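> Read off the chains here:
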Amino acid sequence: MKSYPKILSKNFEVPHAQHIGVYLSGGGYEAARKVYTSWKPEQLIEEVKKSNLRGLGGAGFSTGMKWAFIPKDSTRPHYVVVNADEGEPGTFKDRYILCKDPHALVEGILIACFAVGSHKAFVYIRGEYVEPIRIFREAVREAHEKGFLGKNVFGTGYEVEIVIHQGAGAYICGEETALLESLEGKKGFPRLKPPFPAVKGVFGCPTVINNVETLACLPPIVNLGAEWFAKLGCEKNGGTRLYSVSGHVNRPGLYELPLGTPLREIIEEHAGGVWKGRQLKAVIPGGISASILRSDEVDIKMDFNSLARVGSMLGSAGVVVMDETTCMVTTLLVAARFFAHESCGQCSPCREGTGWVLKMIERIYEGHGRSQDLDNLLDIGKNMMGNTICAFGDAAPTPVISYITKFRAEFEYHVRHGKCDLEDRSQKSE
Amino acid sequence: MQAKFQMSSELKTELDKIVSQYETKQAALLPVLNLAQEKYGSISPEIESWVADYLQLPLMKVREVVSFYTLFHAEQKGKHHFQMCRNMSCMLRGCEEMIEYLKERLKLEDGQTSQDRCFSLSTVECLAACEMAPMMQLNDRYVGPLTKESIDQILKEIEINN
Amino acid sequence: MPILKIDGKDIEVPVGTSIIEAAKKAGIEIPHYCYHPGLSVAGNCRMCLVEVEKFPKLQISCYTPVTEGMVVHTQSERVKDAQQAVLEFLLVNHPLDCPVCDQSGECELQNYYMKYGLYDSRLMEDKVKKHKAVSIGPTVMLDGERCVLCSRCVRFCDEVTHTHEMGIVNRGDRAEIEVAPGKEVDNDYSGNVVDICPVGALTDKDFRFKCRVWFLAQTPSVCPGCSRGCNIEIHWNKERPYQTPGERVMRLKPRFNADVNKFWICDEGRYNYHWIDQGRLLKPMQKRRGVPHEVSWEEAFGTLSGLFLRPQEMGVIVSTDMTNGDLAMAQQLFVSELKVKNVAYQWIRKSGKEDELLMKADKTPNTRGAQALGFEDRSGEIYEQIEKGQIKILFLFGHNLMEILGKDQAEKMRSHLETLVILGPHAHEGINLADWALPSAVYAEKNGTFTNFEGRVQKISKAFPPMGMAKSEREILKEMARQAGIHINLTV
Ligand SMILES: Cc1cc2nc3c(=O)[nH]c(=O)nc-3n(C[C@H](O)[C@H](O)[C@H](O)COP(=O)(O)O)c2cc1C
Ligand code: SF4
Ligand code: SF4
Ligand code: FES
Ligand code: FES
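Residue numbers (our numbering), protein chains in the order written: chain Y, 150 to 579; chain Z, 4 to 165; chain E, 9 to 500.
For reference, chain Y alone in the conformation it holds in the complex (with noise of 0.2 Å):
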């Protein structure tokens, strides 16, 4: 198996890591040190350009460019806010993060709020990583009394405060403003942009919002520099990812590998291959929202640019891998129970339109399809994308389209015969 230098993972087998003086011992802390100590905001922001970090959270913007937009001229105070709300299905790498590094993602915030003049970070966390959250808040504590947060941060005078916002139970808010609207005390309905976070962010000032694997690129970045991290990656994706992988292989996990690395290298050698000796049959690239990828379309290298071009996105990088058993109707009915579980109901089309594509998908899972059943699906699917305030109305769509229009000779087996054609299959097999 081709092996790949660790730079996220590095502390993930290290026992105890978690404590800061472990991570001390690897070098922790130098990255953010040397930053306060004889950095300038400006330079560190060209250097972030420079490195081709792209955020991790699943847009994949770059991340020195978004820092670039906060106004330099404001009066009012900027934030940082950390979007660990990880909610994307089939991803969990910024878990791993807060729990086997959870100083990596500390110092990281720390670089950032210098980049950005930041003097408070909000980590939003999902309400349901009680874990993450414990080990993650003993962190910042650690961190805290070791002077690198407070109000003079390395001895530089520079004040740095982390408040961590535990959410409650909410998929869309993932979604950056509908973030900043939770962490405001409110539902998480997505904002209108403009203005963008940037402008206009929590409590109305300047905002940054980094995904917590993003974050956790910024210390090898300074310690390594950026050509070095640049290089890592492939052309304008720099760097390695986390790439979650999961489904029917023989190992699901978190595997670093750069940006750029074959799915078909993910799956087979990483994760171990299809399990129970069975073939392939397709792949989500990058989280549910992401259109999925027949077996046939996996020779392709996994960054954002090369996903983009063939329709389908990185995203989150959750690789989600399906045999050739799986029932597509039913994989379509579990991603359209969750977009409708969670479509925050602003918008018409997108609330009124998860909750008719689930029922239709339902009706079909069950026997009662209808011949016209697929087109409208279609057609509704298309009528939803790109009229919504958020990209959650684009990525509702995206499975029930991309399974329908990959998959169309098994949903219609589906619809004209009211069962799945692989039953069929397995039965006249045995």
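The set of hints was computed from the structure by calculation and includes no laboratory data. On a predicted model such as this, the values are computed, not experimentally measured, just so you know. Heads up, some of the hints might be wrong.
As the list claims (entries may be wrong) - Each computed EDC-like pair below joins lysine to aspartate or glutamate, with the alpha-carbon atoms no more than 16 Å apart:
id : chain 1 : residue 1 : chain 2 : residue 2
1  : Z       : K64       : E       : D166
2  : Y       : K349      : Z       : E26
3  : Y       : K199      : Y       : E384
As the list claims (entries may be wrong) - Derived coverage of chain E by chain Y (criterion: at least 3 residues anywhere in the stretch with Cβ under 8 Å from a Cβ of chain Y; other residues may be distant):
id : region
4  : 91-102
5  : 140-151
Claimed, not checked - A few chain E positions that, by computed beta-carbon distances, are all more than 12 Å from chain Y:
id : residue
6  : F215
7  : N245
8  : E419
9  : N497
Ideal Cβ placement from N, Cα and C applies to all residues, glycine included.
Use these hints to put chains Z and E with the ligands onto chain Y, whose structure you have.
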């Protein structure tokens, strides 16, 4: 008329500390509700109005929030709350069977709590632990991959500890 | 000011104007549900999508500000498809109960469906069940299934009245409007939520099932309920003959005026109309030997004009409910022509509820108008002079002495008078004191103006003819004067 709800004074001190971390009182709403639920087991209408008064919010703003987030519930859950993930990766690795098995063992349907308030069973969306699929959250703990045997084991341990 | 093109028309509007407002200015209607110019922008219904050149996606016109050189299309195929799609989504869970819905005829779902919808229905799944016919306040009913969740009502309670009674609970297609437990939509402006609800989800108990909207005629007017003078529309039933005892006015609705009341009126004003057709004085009456007799206007004018020979013994008390035209006539006749000394207005209902938004303490519409015409609040002096026997003839406009002075005092006052003439629309108890009771028209029955507390002169229009034989005060006085050989030509 029900007696007006009184928050315990230690909890009140803790809540005050939370509120002081935020720029606005409203921003403390989720953490305050989380803590209140942890302490009292549910968000009753009385707690809702107490929190509204405490944070100087219109009651409706608290209602909206409580109803929006799935982790807040008005009814008390059982001592052991089984939250079975039913999303994609868990489905692919057989959560349906595990859910059916647990329903049978606990004699509960999805969303129900046993008479003696010992068990609750819910199905939930992805808990971001798909590498341990099929998995569940048992109170605060993530458990997986589940098999019928591991479920038996868990139930046995609960029985012993009771 | 940026110049942009909407559907080929050049439009110039101030910086920051939204496309929807710019289009409105050019006479182009863009369909919308959640947008309301009196509220913040929610952008949730997605009905107002338009195509803006150089933008890959359709844009919501309620939120997108115009820029110089922008080119907008509101009628393109893409826009029409999107509008149809949104309508279809909104109907997914909408009940098919238009025939029994009170909003039928003024429902924007129904209207837009006719205009932009009309596709083959493929809505065959079961609809989500929500709360139906719930009373959510003293005047408002909610049907959750008809709601399109535009959040206008919620924003109204949050932003206009700051009372925050309403909210949207749950999420996804389970979301619905709710009122906080134990609370009601019971603010001083609750009726407005019914006006702004674009569908039949919120209805007014006062109007429910009273009249199909297509039987209604609309007349612009001004609320006589207080000195704010909110602009209103009188909605009246054109099917019902006005002579019948039934009510003609079916409801009052706010009419937009940027400077006075914006889009709103208070509930006090809104439900302040049942008196219009109740207990009306229908014919001129003369008391003969203590018993009221019906007389013709000619008889009344003939006899009463004789009183004009004794102006020194005369007192006149007008009311601030009268229009400027009626007051000016009284002023001309009694002050300028007859030189009556004792002319005043009696200021009643002057200390009601007042707030920051619209309601004023003075619950009469034309105090400023009366003052501008030189009337003063000196009715007390007039009563004194009556008691001293210096005034023997009193012309009383609209007032009820029993209410003002109390029964005993009013009767005593009466006993000092030789002739009491009361002009008023209603046959209240105090009318029995009069020697002459002359039926006058209410504001909805006449043209004229009121001057609000800021001095703004505002027009009211006649919705329907006066009930029975009633006439406006102005006509009555003019005719009486003519009989006395006095010709008054007013241009007010
Ligand atoms: C529906 C939806 C859900 C999202 N969920 C998450 C999430 O759980 N975690 C996350 O980091 N970003 C999530 N995002 C992306 C965020 O909106 C945002 O782009 C990200 O937090 C920015 O951080 P980054 O630039 O470091 O990636 C979500 C976006 C959408 C539209
Ligand atoms: S697209 Fe869906 S999730 Fe996003 S704001 Fe609209 S209703 Fe909410
Ligand atoms: S009740 Fe009417 S105004 Fe309120 S959200 Fe529903 S449709 Fe909109
Ligand atoms: S699908 Fe079950 S934890 Fe992600
Ligand atoms: S009117 Fe513009 S989105 Fe509703």
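> Hints first: check each against the structure and report whether it holds.
For each hint, the structure was consulted:
no.	hint	result
1	K64(Z) x D166(E)	holds, 10 Å
2	K349(Y) x E26(Z)	holds, 15 Å
3	K199(Y) x E384(Y)	holds, 12 Å
4	91-102	holds (count 7)
5	140-151	violated (count 0)
6	F215	holds, 27 Å
7	N245	holds, 35 Å
8	E419	holds, 64 Å
9	N497	holds, 59 Å
In this structure, the one hint that does not hold is number 5.
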